[in-house]
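**Q** Please build the complete structure, drawing on both the sequences and the hints.
The C-terminal position of the sequence shown is numbered 199 in the working numbering, with every residue numbered one higher than the one before it.
Treat the hints with caution; some may be incorrect.
[Stated by the list, open to error] Cut-off 27 Å, straight-line C-alpha distance, at most; resulting in silico cross-link-like pairs (DSS-like, lysine-lysine):
1) LYS163 <-> LYS174
2) LYS163 <-> LYS134
3) LYS174 <-> LYS150
4) LYS160 <-> LYS150
5) LYS134 <-> LYS160
6) LYS92 <-> LYS160
7) LYS163 <-> LYS150
8) LYS92 <-> LYS123
9) LYS134 <-> LYS150
Hints were generated in silico from the structure; no laboratory data involved.
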Amino acid sequence: MSTNLQGRVIAIVGPAVDVEFGSHLPSIMNALLTDIAGVSVTLEVQQHLGENRVRCVSMQPTEGMVRGQIVTDTGKPINVPVGPETLGRIINVVGDPVDERGPIGHKMTLPIHREAPKYEDLNTSSEMFETGIKVIDLLEPYAKGGKTGLFGGAGVGKTVIVQELIRNIAAEHGGLSVFCGVG
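**A** Pasting the structure below:
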């Protein structure tokens with residue numbers, strides 16, 4: 017793993033940022049750090065373009081970023097806090113708390129990109145998860161231990177269903193919910 021490599025921004029198109037390095041390139045998925053008006057901005061390496069250049073995706077807005085700006089390779093992927101300290105907290109993709117409750121005070125972090133669990137390690141029982149929402153349990157039952165996606169247009173009630181699922185899981189089953197909002 018290469019660390020402390022420094023490069024310069026050579027192109028910015030929305031969230032896509034091209035960075036040029038000297039003789040060595042950071043690894044794919046490495047986090048790069050730069051600064052816009054005193055605010056730390058994280059870039060994630062997505063592609064090696066050749067000619068000592070990489071294409072990155074910015075995890076924060078790129079307004080104010082300029083060509084020639086210095087970028088530093090962290091030598092590792094984006095890591096976020098994990099553990100009991102994160103329960104009930106709202107964090108962004110780089111692990112910064114956005115719930116205005118101060119620092120998380122975590123003891124451990126894990127990378128946002130990890131290998132999927134092996135199929136044999138998953139719970140393969142065909143037991144139904146009782147959501148407490150009768151229409152879902154009847155028409156679209158969820159498998160216990162699985163993942164569930166909820167898709168729909170604007171204003172159709174996705175948030176209401178998710179909030180009710182989270183409440184039912186905590187109240188009826190004593191479980192924990194992890195909610196990831198995308199978009």
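**Q** For each hint given before, does the structure comply? Return the numbers of the non-compliant ones in rising order.
**A** Violated hints (numbers, rising): 6 and 9; every other hint is consistent with the structure.
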